[in-house]
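Respectively, the protein sequence lines represent chains A and B.
Numbering follows the UniProt record's numbering, in which position 429 of the first sequence is assigned residue number 429; successive positions increment by one, without gaps.
Numbering follows the UniProt record's numbering, in which position 69 of the second sequence is assigned residue number 69; successive positions increment by one, without gaps.
I should point out that these hints are in silico values taken from the structure, not numbers from a laboratory.
The reader is advised that the hints may include incorrect statements.
What the hints assert, rightly or not - Distance condition first, Cα-Cα at most 25 Å in a straight line; then the derived SDA-like pairs of lysine to any residue:
| id | chain 1 | residue 1 | chain 2 | residue 2 |
| --- | --- | --- | --- | --- |
| 1 | B | Lys8 | A | Glu305 |
| 2 | A | Lys8 | A | Met494 |
| 3 | B | Lys8 | A | Lys8 |
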Amino acid sequence: MIAQPERKIALWHLGVAYTAFLIGTLMGVLQVFIRNDALQLPAWLDYYQILTAHGVLLALIYTTFFIFAFFITGMSKSLGSFGPKVRLFSWIGLWVTLLGTVMATVMIIAGEASVLYTFYAPLKANGFYYVGLALVIVGTWISSFALVGHYMVWRRNNKGQLSPLFAFMTITTIVLWIIACLGVVATVLFQYIPWAFGWTDTINVELSRSLFWYFGHPLVYFWLLPAYIAWYTIVPKLLGVKVFSDSLARLAFVLFILFSIPVGFHHQLTEPGISNFWKFLQVVLTFMVIVPSLMTAFSMFATFEISGRKKGGTGLFGWFKKLPWRDVRFTSIFIAMAFFIPGGAGGIINASFQLNEVVHNTLWIVGHFHITVGTPVAMTFMGLTFWLIPYLTGRRFTKRMQRLGFVQIITWSIGMLLMSTAQHVLGLMGAPRRTAYSGYNDHPQAMEWFEGIISNHVTMAIGGTILFLSAMILMYIVIMTMFVSPKAETPEQMVEFPLAESDMSNTPKWLENWWIWIGIAAALIVIAYAIPLTEMIQHAPPGSKGFITW
Amino acid sequence: MHFHKYEKIWLSFGIVSLIVFLSVVGVSAFSQNHTPSGGMDTIDPEKVNETAPFDNPGVTQLDEDTYQVAIVALAFGYNAPDLRVPAGKEIIFKVTSTDVVHSFTIDNTKVNMMVVPGRITTKSYTFEEPGKYLILCNEYCGTGHHMMSTEIEVY
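The following block holds chain A by itself, in its conformation from the complex (with noise of 0.2 Å):
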């Protein structure tokens, strides 16, 4: 077991990431009836503060607040207890982060700030939203440099040596995200907060959108890249074997730095002020990050094919029933990857240039981050969370805890697969995405789209039903594990941090050399971004006042 300051840190994390998960999910279920017309909102209260709040609080604030939880812990268990310091600035930057998070929250709840998780300027809000998102952002860099600095202690400690796995992939996370960071710091602080409090009048558009992508796209990394670490060194220790193999697994993380960043116009693709070339580019550098991701599947596969072909599993696919079915810590990881598959295949679609034209803010995107974040990166925390809490409390996970642990996965599972397919459908027919009803007065093309077996408004209304229920379920197990369930008495009701072995014996040293890769990304930052960001500064239009129209 850690540290008891530590625990005390991360379950405090989880605290606020569960409380925002609790909210977040509660508005998502409000959306699907306010599209279906069967609930009406209170005149104080509209669609689009739901949305935002939605967003807002589970893409930014369960992802986050969790992802620290988790590295908090696999840090203090993997290179021993913190010093004084890191835990000072740890607890530091969980207040500044929550202290963003409930400014901001404040804002939407107020009415002051129906922008959006993406608040695209000139759409502008009260200049405190931004400071809030501004605060949550720098109170992650706190947290993020005490971790750092726990590293490095380490390192000094222990010269001339490979750090654990665990250790180095929370150090390429943490440097992803503080490169990323630089551009919506760059935008909300140079840009959005002088003109949200008066003192410029106009703003640059297209330049703000551009530095907001450029962070964009490699947040989705920083909540996918935890999900990572806990498949390659949590996965195998479940299934009773080692890491397939320490380097490679090392080599696919730091490929995510470099081609997770230069890549933020893909999501700009059918907009004005960047050239194809540009435009183009950038999609060659997105299609880079294929090469780690087939290498994690590898990486994966081969793991499960190891350990069931130890347990007895004969034949080509023998080795496939002998895997621990019956352990949900397992399970609902799987189908975080199971989910992954698809999720991938659209992320392909999407970032295909032309392709782009089709899917591009349809319902088809909504349905494809919730098969990307909604599912593969969610349900693998929540994997984590039926052992993390016990871990961390000391509390037992029991049997009952476990099966409602079953219950909570296949209803996510169901509620999911519903929800994103119709979503997937009704977006390829054209249906747009963030809107309160879609029927359009009835326009016989928008009636259309919802006259399918799946693509109706009741098969999302269903979904979403689902997967409240479940999440639902999922706020009683953690507050049981939280408060509630006995105490560890034994050695064998002790809940453990599964952590396997990696061998580094044939890894090369200079994976572990940082300069060489923030260099490159560097390098690939100012080749992808340079040119096309100095000229819409250069020939800029006027400015942009700002709207409220909201």
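With chain A's structure known, arrange chain B on it following the hints.
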């Protein structure tokens, strides 16, 4: 660093498909002009109504086979009177915004254009089938976002 033999096959297969795939997309884009909407033209967002072609929005015939359609997007509608264009002719859409970011999206076609204030988005499209097409905004623009729509008639 050791790569398992199967992993080498798997990755080579992946990388080769990647190259093939990107070549198809690239050739289609740059030698057959299948590029998404865009353009580098700028405009003063406060002087849209005085700037050509948006001072006279709607359909203009440029020559025998080409028509230009100028549209001003604003919360929550389109200033685009009399949208009637022929099938089988090249239609060049030019769209800009006087306020926030919108989209100009024609249902059942590949016309899906982001509209950014200060910029002019251009897209060339040829309708095959006559009929009435729904035009809608698919970028969130405020309370009335889901009402923002109009129609184009193809004859």
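Going down the list of hints, with the structure as the test:
This hinted pair checks out: Lys8 (chain B) and Glu305 (chain A) have alpha carbons roughly 17 Å apart, not beyond 25 Å. The hinted pair formed by Lys8 (chain A) and Met494 (chain A) meets the criterion: a straight-line CA distance of about 18 Å does not exceed 25 Å. Our distance criterion of 25 Å between C-alpha atoms is broken by Lys8 (chain B) and Lys8 (chain A), whose separation comes to about 45 Å.
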